[in-house]
Amino acid sequence: MLEFVNFYLIPGIVLGSIYALGAIGVSLIFGILRFAHFAHGDMMTLGAYVALPLVVGLGFTVYAALPVAMAGVVLMAILIDRLFYRPLRDRPTIIVLVASFGVALMLRAAIQFAWGPHSHVYEKGFRKPIVVEGLRIAERHIWIVLLSVALVVALHLFLTRTKTGKAMRALSDDPDLARITGINTERIVAWTWVLGGGLAGAAGVFLGMDTQITTLIGWNMLLPVFAAAILGGIGKPYGAIAGGLVIGIAEELSAYPWIGTTPLLDPTYKSAVAFAIMVAMLLWRPSGLFKGRVY
Amino acid sequence: MTAALLRASGVYGGYGGADILNGVDLAVNGDEIVVIIGPNGAGKSTAMKAVFGLVRIREGAVAWDGRDITNLSPDRVARLGLAYVPQERNVFPNLTVHENLEMGAYIRSGDISEQLARVYEVFPPLRDKRRQAAGLLSGGQRQMVAMGRAMMLDPRLLLLDEPTAGLAPAFVEQIFERIVEINRAGIAILMVEQNARHALALADRGYVLVNGQNSFTDTGPNLLANREVAEAFLGG
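Chains as they are written, first to last, in the working numbering: chain A, 1 to 295; chain B, 1 to 236.
It is worth saying that the hints were derived from the structure and are not from the lab. All clues given are correct.
What follows is a list of derived Cβ distance ranges for each label pair:
#	chain 1	residue 1	chain 2	residue 2	range
1	B	177	A	163	30 to 38 Å
2	B	88	A	260	57 to 65 Å
3	B	107	A	84	27 to 35 Å
4	A	114	B	118	55 to 63 Å
5	A	89	B	17	17 to 25 Å
6	A	142	B	117	46 to 54 Å
7	B	217	A	163	36 to 44 Å
8	B	81	A	64	45 to 53 Å
9	B	177	A	82	44 to 52 Å
Ideal Cβ positions, reconstructed from N, Cα and C, are used throughout, including at glycine.
So here's chain B without its partners, still in its complex pose:
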């Protein structure tokens, strides 16, 4: 096995109280789209938060590019080339779209016009809305701002927590297209998705989590073709 860009091994942890993660293993290679699916309460979002230092890891380890980052604080993780987009409350509502993107590059000094131009290129609707408060945008546009904010740091890995949750079908399609486009530009993607079929169809690999443990791991197409997975998690 080659060294993965991100590797979580045997991770146990939660929000204090009982563990939600009971020995999760995850790996993302440099150019992959990796999708985590599973029933509600399986610990999908928690696993992602644990990687980013937002959930206390009690046992196990997270390695980034071969370096141990277990329980590193989120602001330090952000400096390493990982960017995280939470499912909810993922934009600053009273800041304009442009200011949201600027905040994405907060820890970076110097010129950010190149990054801004790239975000507006990937998400053209944002260019026209750049002087508007992000809180006034539609759900889909807000998701674009959130992903754009994360891209401002030129991350090597983008963590997306249910990027299409609650979006209109037209936007779901758009967001998935953008994710593939971002990935083609060389950014690895790790995402949690409720839209499991759709997400697995474009995933290089997928993980099925149940009760905070790995249940299935395979390539996206293989998981889609797996009857057990289909019946239990993809609605037959």
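Next comes chain A alone, as it looks inside the complex:
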């Protein structure tokens, strides 16, 4: 039982929190801009790399570097939107989707150019986990989950308590009615990048805390993050949180020796779990658990 919690459930919750942060952004961006943002994974990568010189070079703690990384990704997201997505705003969204694919490749190439192709870590060596009654949990895992919860609560307050947040939900509900109401679309779009980019940056840093940092970490997140967004119902940020947790936990639990003593599914096939859930959802209930849009 303890082994199950320590090595499968806790890592699943940690991974799920990271997926959730990415999926909220994908879902928000889809709700407002109506396209699947393929560069989202690479924005996560950017977050991990922005924090890197601060932690390794300047000796910041990774938690102090977190807001800087988030801000860096927000600025880059707004810049990318101005340069590449805004000129295509009135075109079919499939064109913007392909543009975002191009942005993903450019971002990754730029990151590799600046930081090199080698893998990095924030912190060398091994830290002993906290052990309570046989329950082993790494300190960084506690922080990743707590900070994710804090970010989600902050997002919730923003969306439900502020005028801009409500206008964002209104625009996602009905862009034509929002226009009649006098809501300034471009201002809301900029805020969408602030939220989506900021959460992607945080997800990237959390991912870097948990594994090695490579130029592909974000890209490899794209499939589970999209799966989480679809599972939750695309365009529904709250659904994306649930979707992220379900996918993260399902991926980790798939390697548990449910039958006999060998893993049910070899861990190398973990990402297939996300894919299978995504395909099953699209076939069986394309609107997702929280009744999002169907395309």
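Chain A is already provided as a structure; the job is to place chain B on it using the hints.
Same frame as chain A, now just chain B:
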């Protein structure tokens, strides 16, 4: 002729492609209820959308309070004191009733409690439902939210596109009563209605549009009494 609050003259236009409006004239004075009736496809809704900048005007002009607003964008028109309630998709379904009303006042800064109180006064059922998602309300209540949202800006003119379409008879009566009440508070009304008899009965003036052109213009009672209009457009 005195200067009307809203005047559209010789308006031609449509959604790209062939024109739907072929020289429509409309005028609304400051305290009137004006009703547009006509057969399906006559361009009634299109005329209203053209006033609000949602349909491209190719020729002709729209003046608001003596100022030219032809082809002004909808968000700019909304700032001038006109409010528009579309026939369908006129509430934000995932926002609560209260949030819908708040969005109505989006372009306004400062305190909106007075406006909110007035909307809840005109539409008492909304007060109890204010924490509910607007998409879960009945058709009649949704129409109340839509009209309430439009009233949040203290408009001088309310444009209503078929406010009673698809509503249960009990709600039709209620909505018409509210429209008269809103008008008595000093807000001019321009509405398109399928319920032509009922609407003309409370209209100061009415327009009959056919094929994007004015066919008859008169006071509400006179149009009701007009045999030609009655036979062609009011079902005999």
